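Participant: Build the complex from these two chains, which are given one at a time in their own frames, with help from the hints.
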Amino acid sequence: MSELWRSMPWSARIGLAGCAFFAFLALFADVVAPFGEREIVGDVWQASLSACEGEAGPGTCLLGTDNLGRDMASRLIYGAQTTIAVALAAGVLSFAIGMILSFTAAVVGGWTDQVLSRVNDMLLAIPTLIFALVVLAALPQTIAILIAVMAVIDQTRVYRLGRAVAVDVVVQDFVEAARLRGEGWGWIVFREILPNVLTPLIAEFGLRFAFAVLFLSTLSFLGLGIQPPEADWGGMVKDNKDGIIFLVPAALYPGAAIALLAVSVNLVVDWLLARTSSLKGGRG
Amino acid sequence: MSADTPNAPVLSVRNLKIGATAYPPGEPPREIEIVHGVSFDLAKGRVLGLIGESGAGKSTIGLSALGYGRGGVKITGGEVLLDGEDILKLPRRGLRRLRGRRVTYVAQSAAAAFNPAHRLGDQVIEGALRHGLMTRRAARERARHLFAILGLPEPDSFGQRFPHQVSGGQLQRAMTAMALCPEPDLIVFDEPTTALDVTTQIDVLAAIKSAIAETGVAALYITHDLAVVAQISDEIMVLRHGNTIEHGETRQIVEAPREAYTRDLLSVRSTIKPAAAEQPGDLLRLDGIDAAYGQGLQVLHGVDMFLSRGQTLAVVGESGSGKSTTARVVTGLLPPMRGQVLFEGEALPPALKARSKEQLRRVQMIYQMADTAMNPRQTVAEIIGRPLGFYFGMRGQARRKRVAELLDQIEMGDGFAERYPAELSGGQKQRVCIARALAAEPSLILCDEPTSALDPLVAEGVLKLLGDLQQETGVGYLFITHDIATVRAIADSIAVMYQGRVVRFGPKDKVLSPPFDDYTDLLLRSVPEMEIGWLEQALGTRKMTSAGN
Numbered sequence: 001m002s003e004l005w006r007s008m009p010w011s012a013r014i015g016l017a018g019c020a021f022f023a024f025l026a027l028f029a030d031v032v033a034p035f036g037e038r039e040i041v042g043d044v045w046q047a048s049l050s051a052c053e054g055e056a057g058p059g060t061c062l063l064g065t066d067n068l069g070r071d072m073a074s075r076l077i078y079g080a081q082t083t084i085a086v087a088l089a090a091g092v093l094s095f096a097i098g099m100i101l102s103f104t105a106a107v108v109g110g111w112t113d114q115v116l117s118r119v120n121d122m123l124l125a126i127p128t129l130i131f132a133l134v135v136l137a138a139l140p141q142t143i144a145i146l147i148a149v150m151a152v153i154d155q156t157r158v159y160r161l162g163r164a165v166a167v168d169v170v171v172q173d174f175v176e177a178a179r180l181r182g183e184g185w186g187w188i189v190f191r192e193i194l195p196n197v198l199t200p201l202i203a204e205f206g207l208r209f210a211f212a213v214l215f216l217s218t219l220s221f222l223g224l225g226i227q228p229p230e231a232d233w234g235g236m237v238k239d240n241k242d243g244i245i246f247l248v249p250a251a252l253y254p255g256a257a258i259a260l261l262a263v264s265v266n267l268v269v270d271w272l273l274a275r276t277s278s279l280k281g282g283r284g
Numbered sequence: 001m002s003a004d005t006p007n008a009p010v011l012s013v014r015n016l017k018i019g020a021t022a023y024p025p026g027e028p029p030r031e032i033e034i035v036h037g038v039s040f041d042l043a044k045g046r047v048l049g050l051i052g053e054s055g056a057g058k059s060t061i062g063l064s065a066l067g068y069g070r071g072g073v074k075i076t077g078g079e080v081l082l083d084g085e086d087i088l089k090l091p092r093r094g095l096r097r098l099r100g101r102r103v104t105y106v107a108q109s110a111a112a113a114f115n116p117a118h119r120l121g122d123q124v125i126e127g128a129l130r131h132g133l134m135t136r137r138a139a140r141e142r143a144r145h146l147f148a149i150l151g152l153p154e155p156d157s158f159g160q161r162f163p164h165q166v167s168g169g170q171l172q173r174a175m176t177a178m179a180l181c182p183e184p185d186l187i188v189f190d191e192p193t194t195a196l197d198v199t200t201q202i203d204v205l206a207a208i209k210s211a212i213a214e215t216g217v218a219a220l221y222i223t224h225d226l227a228v229v230a231q232i233s234d235e236i237m238v239l240r241h242g243n244t245i246e247h248g249e250t251r252q253i254v255e256a257p258r259e260a261y262t263r264d265l266l267s268v269r270s271t272i273k274p275a276a277a278e279q280p281g282d283l284l285r286l287d288g289i290d291a292a293y294g295q296g297l298q299v300l301h302g303v304d305m306f307l308s309r310g311q312t313l314a315v316v317g318e319s320g321s322g323k324s325t326t327a328r329v330v331t332g333l334l335p336p337m338r339g340q341v342l343f344e345g346e347a348l349p350p351a352l353k354a355r356s357k358e359q360l361r362r363v364q365m366i367y368q369m370a371d372t373a374m375n376p377r378q379t380v381a382e383i384i385g386r387p388l389g390f391y392f393g394m395r396g397q398a399r400r401k402r403v404a405e406l407l408d409q410i411e412m413g414d415g416f417a418e419r420y421p422a423e424l425s426g427g428q429k430q431r432v433c434i435a436r437a438l439a440a441e442p443s444l445i446l447c448d449e450p451t452s453a454l455d456p457l458v459a460e461g462v463l464k465l466l467g468d469l470q471q472e473t474g475v476g477y478l479f480i481t482h483d484i485a486t487v488r489a490i491a492d493s494i495a496v497m498y499q500g501r502v503v504r505f506g507p508k509d510k511v512l513s514p515p516f517d518d519y520t521d522l523l524l525r526s527v528p529e530m531e532i533g534w535l536e537q538a539l540g541t542r543k544m545t546s547a548g549n
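Protein sequences appear in the order of chains A and B. If you're matching positions, the first sequence starts at 1 in the working numbering and goes up one per residue. If you're matching positions, the second sequence starts at 1 in the working numbering and goes up one per residue.
This is chain B alone, in the form it adopts within the complex (with noise of 0.2 Å):
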C-alpha cells in the first residue's frame, strides 16, 4: 500500500478548510469555518504531534485523515492525500476500505471504545478479519505479538479478557494494538493518555512509542500536553483556532520556540509559590481519620494532616488513593468511622446534617467539573446570589450590589449576572463556581481538583486568581489534584496519599525534596517534563512500578 519512493509522505494535507455550524445563545445558527487551510506532510515513520487548547481543532484536522467529520462538521475545502490520493473524493465505500484498514484510530476513552461484552482479543482483530486482511489465525498471532510490544501482561492469554478485568492504562495500550492489528499505514492517536494518572501514562507512553518504532507506522497525535508530545514525536504543530501557529521539528519548538503562542504553552508550568514564612495556627487538622463506603470497603487509613489558616494545602496521589475521600470527611458527606476533624481548634461535628449553619458557611466547596456544579437552569446571578441570601440575608439591591462586586473579584464584570452556565466558557463557569464559593466568605474553600478539567493556559488564569483572592481574604485552601506542577505552583504544604494513607506530609520545599519514599519518587518522576529523551530517562532510574500497570 506504501507509496513507492521511500521520501513520498504517507499523509499529505493541503490547505484543509473545515466548517460546523454553530448555535450561538440568543441567535439563529450559523455557519462557521473552524479550520482555516492547514497543511503538512507525514512521511512514514515518523510521528506528528498536534497540539493546542480545545477548540483549536487539532481533533477535527486528526479525524480528517479517516475522512471523517464528527457530528455536524463537514471538511468544505483542501485535500487529504493518503499515498497520493485524495480521500475527500472517496465515495463510501471507498472511505469504508480505508477505515480501520488503511488509517486507525485510537479514542480518549478506551473504556468507552470497547464493547463491555466482547473479548479484548476478538475486538482486537476484529478490523483485520473484517477487511479480509488475513486469517483468524495469523490475525491471532500478530495479537500476540502486539501485545507483547506494548507490555501487557501475559500476552498469550490477554485477549481472552473482557474490558472490565484490565486496568485503565492496559485498556488504552489494547486499544493501540487495536490499531496496529490490521498493519495500517497512518494511525491517529486522539488524547490516547489524557485520561490516565501520571504514574500509568508514563508506561502507556513508552509501550506506544515502542510499538510505533517497531511497526514503523506513522502516527498523528493528538494531544494538549506539550511536554507529553515532546517524548513521542518527531515534529510537532501547534494549532490555535484552526490556525497553525508553528510547525517545526519537536527539538526545535521546545528549544527555540518562534512564536508567543508557543512560548506561552511552555512556560505554563513554570510558576512557583513561594513557601510562606510563618506558620500561623490551626485552620483545619484531620486527626486519625478513618472512612469506608458502606459496610465494608475501608478507604481511608489513618489520615493525618494538618492546614495553617491562610495558606494551602495540596492532597496529591492517583485515582483511588483517597484524595476525594478526605474532602467528604471535612465536608461531613461521609461521616469518618473513627478519628475527627478539627476546624479552627473545635471539632467539627461528623455527619453534615449536625453542622450549624455557620459551621457550613466557614466551609465552601469547588468542584472539578464546573459544568455540574452549577444548576443549568439558574443564571450567574442567581447561583452567586443565593449563598448572600441563605447565609447574610441580603435580598435586592444590596445582593445585586454584592454579586457584582463577585463578578469583579473573579475578573469577569456585571455583563455576566444573567447569563446561564451555557452560555459561559470552561475557565468562566469555575470562576463562577469560586464567586459562589467566595460569597459565602469562608475561612476554608476545599478544591476538588479545580484546573484538571481546564486548558493549560485558562487552568494558569484560575490558579492565578485562586492565589490573588488568597491574598485578599486570607482565606486556606485545601487543593485535591494529581498534577505537581499545580502543586508547586500554589501549595504551601503538600500531604502525599497512596491507597488510603498518608505516606508523606509537610511544608512543600521538605515534600519535593530528597531522600523520597518510592511511591512520592514514582509520582515524581512520571510527570513529563519538557525535555527530549525525559521518558526513557524517568524510566530508567525510577524505584517503583505503578499499580495501575
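Extracted from the complex, chain A is given alone in its bound form (with noise of 0.2 Å):
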C-alpha cells in the first residue's frame, strides 16, 4: 500500500487526498457537523467566524449563516452526504445499464445493434435538461425517481462510448478465437472484451461523476432535484444567490464544494488511467 502510495504522482495524491475528505464529511456528517442540517442559528448571512446559538449551545459559524439563518458549514457537511451519494448512485447506474447494452449491441450485432443504437440517439436527440424537467415534473419527487431519471439520461453516453470501443474489440482475432472456441456470450463479454476497454470506461466513469453532480446540482437549482429543507450544493447555490448581489459569499461555498470534488475526482481518475493503459495488462 505505502509502495502504491509512493508510485503516485503529486496530483492524484491531492486528489485521492480531496475524494477522502469528503468521503470523510458524508459518511461522519452527524459527528463532524457543528449544528443540525435543519437548524436556524442566528441571523440571515451572518459573516464568516460570527457566533450563532443552536440547540446544543452557542458556537461559531464558520463560513457564516445562509440566506434562513442556518449553518453554513453544516449544511456543507450534509450537503456532501446527499450529492455524493444521487450522484455516484446515479453514475454507478447509468453504467450499469450503459455497459450492458452497449456491449449487447457490439456482440450480437445485427438488429438489436441497430433498434439500441437507434433507440439511444432518439434519447440524445432529446436535450437533458428539458426531458429531466418533463419526466421529474410528472413523475412523483423522490431520491430513487431522481437517481433512474439520472441514469437513464447519462447511460446514453455511456452506451455510446461502450459501443465505439467495443466495436473495435469485437473484430479482433482473439474474440474470434473465443467463438471458434465455444464460448459463451458472458465470457466474451467480461474476460475477453471488458478488460481492453476499461481504461476510456473508467475515464469515462469519472467524467460522468462530476457531470452528476453537475447536473444534480442543476436539477436542484431549478427546484427538481433534492428537495427542501434538506440540503444539498446544488440547491445552496440556488437559496444563496442572491446574496451576491449583497456582497454575501455564501452561494460560493457550495459552488468552491462542487468545483473540489469534480477536480478530485478528475486528478484520481487520470493516474488509473495513466495506469491501466500500461502495457503489461494493468496489473502490474
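These aren't lab readings, by the way, just hints derived from the structure by calculation. This one's a predicted model, so the numbers in the text were calculated from it and none came from an experiment. Here a beta-carbon is modelled for each residue, glycine too, at the ideal position from N, C-alpha and C. Be aware that a few hints might be false.
Said to hold, decoys possible - Partial list, computed: chain B residues near chain A (C-beta under 7 Å):
hint	residue
1	133
2	134
3	367
4	372
5	374
6	377
Facilitator: What follows is the structure in C-alpha cells.
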C-alpha cells in the first residue's frame, strides 16, 4: 500500500486526499457537523466566524449562515452526504445500464445493435435538461426516481462510448478465437472485451460522476432535485444566490465544493488511466 | 548538385551511431544504442541493398540518409555525407531543402503514403513544385515521362486518378514516380514490395529497376528478402543488431558469402518436406463449396479439396483469391451457400452455433497476426490454459502442469507462463498461439498465413515446430499461404486458388511439376529466386501477366 502511495504522482495524491476528505465528511456528517441540518442558529447571512446559538449551545459559524440563518458549514457537510450519494448511485447505475446495453449491441450485432443504437440516438436527441424537467415534474419527487432519471439520461453517453470501443475489440482475432472455441456471451463480454475497454470507461466514469454532481446541482437549482429542507450543494447555491448582490459569499462555498470534488475525482481518474493503459495488462 | 568527379560517392556514411530509448517491461526506461558504427559509400547510379531481420537497423540507417530519426530515435554519432556535406550538421531549414529534393523516400505502404483526397498526379509533382525546381507544366511532363518508364497504364491520364482507383502495385509505382520527380541524387526504398503479392511484386521490381537505370539515381534498397535484393542491387550490406555483418558486391554475397549469418539467410528457403507415402483416409473434405459475403458478392465458386489425416494441405493464391474465405467456411464463421464440409467422414453443421463443443474442439485455428490473436490483458498461462479448462475441465495444479508441458512442447519453457503478450517477441507470440491450438488436442489446425508476418529465420523456426508437432501428435494442417517456398517446406498436397476457384489440386510433386496451367505458371515464376538475372529471365518467359497489374 505504501509502495502504491509512493509511486503515485503528486496530482493523484492531491486528488485522492480530496476524495477521501469529502467521503469522510459525507460518512461522518452527524459527528463532524457542528449544528443540525435544518437548525436555525442565527440571523440571515451572518459573516464567517461569527457567533451563533444552536440547540446544543452557543458556537461559531465557520462559514457564516445562509438565507434562513442556518449554519453554512453544517449544511455543506450534510449536503456532501446527499450530493455524493445521489451522484454516485446515478453514475454507477448509468454505467451498469450503458455498458450492458452497449456490449450486447457490439457482440450480438445485426438488428439488436440497430434497435438499441437508434433508440439511444432518439434519447440523445432530446435535450437532457428538458427531458429531466418533464419527467421529474410528472413523476413523484423521490430520491429513487431522481437517481433513475439521471441514470437513464446519462447511460446514453456511456452507451455511445461503450459501443464504440467494444466494436473495435469485437473484430479482433482473439475474440474470433474465443467464438471458435465455443465460448458463451458472458465470457466474451467479461473476459475478452471488458478488460480491453476498461481504460476509456474508467476515464468516462470520472467525467460522468463530475457531470452527475453538476447535473444534480442544476436540477436542485431549478427546484426539481433534492427537495428542501434537505441540504445539497446545488440547492444551496440557489438559496443563497441573491446574497451575491449584497457581497455575501454564501453561494460561493457550495459552488467551490462542487468544483473541488469534480477536480479531485478527475485527478484520481487521470492517474488510474495512466496505470491501466500500460503495456503490462494494467495489473503490474 | 552532384559531385564534380564521376567516382565521388553521392552518399557516404561514416561510423554512424544511432540511439533510442528502450522501455523494458517492469524496468525504468533506458538509453540504448541500436546502430553501432556503420559505414558505407554509395556512388552515383549504384544501388545498395540493406538487408536484415526486424530490428537490424536497416530502416533506421535508411532514414538517416534524410537526416531523420523516427519516433524517439536519435542519431548520436558519425557522419552522413551527401555530396561531401554532412547533413547531420544541417539546421532545420537546410534539412527541409534537402528532403524531397536531393533525397527522396519510398515507403512500404504506398496506400498509407498517399492522401486519398487528392489526385495522384498532383501528389507526384508536389515535391518538385514546393521546392521550386520546375514549373507546373514541366513537372507534369516529367511525371508523364516517369509513369511511362514505370509501365503504368495510360501515362497521359494516369495522374488524373485518385489513389483508390488504382491497384496496390500501381500505387507503389506511383510512389516511385513521386520520389523520382524532383530528380533527386538519392532515393531510399523502404521495403517497397513487401506488402504486395508475389505476382505483383515481380512487375513492381522490374519497373523500379528500369526506372533506376533510366534516371541514373543512386538508391538504398531496404528489404528482408535476400532474393528480392539480389535482383535489383549492385551491392549488398547484411545487417544484424545494428552491426554490419557483411558488405560486398551482390554476386559475391549471393554466390560466395563469407559469414555464417549470411549463409543462414541464403539457405532459409531450401527446406523441403519429403512427400508423404500413404493417404490414410480423409480428415477434411470440401465438397462443391459456394460462399458469398452479404447478399451479393460471391467469393467461392465450387471449391473442392480434401486433406488426409495427419498431413498438410497448402492453399496457395494471391490476395482476394478466396483462401481465407475457405478457412472461414471450414470454421463455420461463414456458412456456405451450397456444398458441404465433411470432417472425419461426417458433415459439419454449416453454422458455428450449430456445432457441438466436441466438433469445435477438433478444429483449431492459428492466425496471421499473433498480436491480435491473443488478448493483451491475459497472461500466457491464461491464454493456453483456457482451452484446457473449457474443453477438459482442467483446474488448478493439473492445468498448470499441462500448460508447462505445452510451453515445453513449443520450445519456450515455463518461465514465460506469467508474461503478457506484449512482453513476447513476434516468433514467441506465434508459438503461444500454436500452444493454445494444441491445448485443445485438435485433429485439424487451420493456419492462416502464420509465418508471413515473421522474419525469415524466425518463420523457419515456426515452420519446423509445426512439422515436429505433426510428427508427435498426428495433427493435420490446412495451411493458407501465398509463399511458394513455405509450401515446398511443409505441404503434402496443394490447392492453388485463383479468383475463388481451385485451379489446381493434388499431391505436392504433381502440382509443382509441369505441365502447368497459366496461373500456376505465373505464380511459380513470380517467386524470387536467389539467382542474379532471375528477374529478367522470369519476365521473358511467363505465359500471363498478373491480374493486379
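Participant: Hints first: check each against the structure and report whether it holds.
Facilitator: Checked hints:
no., hint, result
1, 133, "43 Å, violated"
2, 134, "45 Å, violated"
3, 367, "5 Å, holds"
4, 372, "5 Å, holds"
5, 374, "5 Å, holds"
6, 377, "4 Å, holds"
In this structure, the hints that do not hold are numbers 1 and 2, in rising order.
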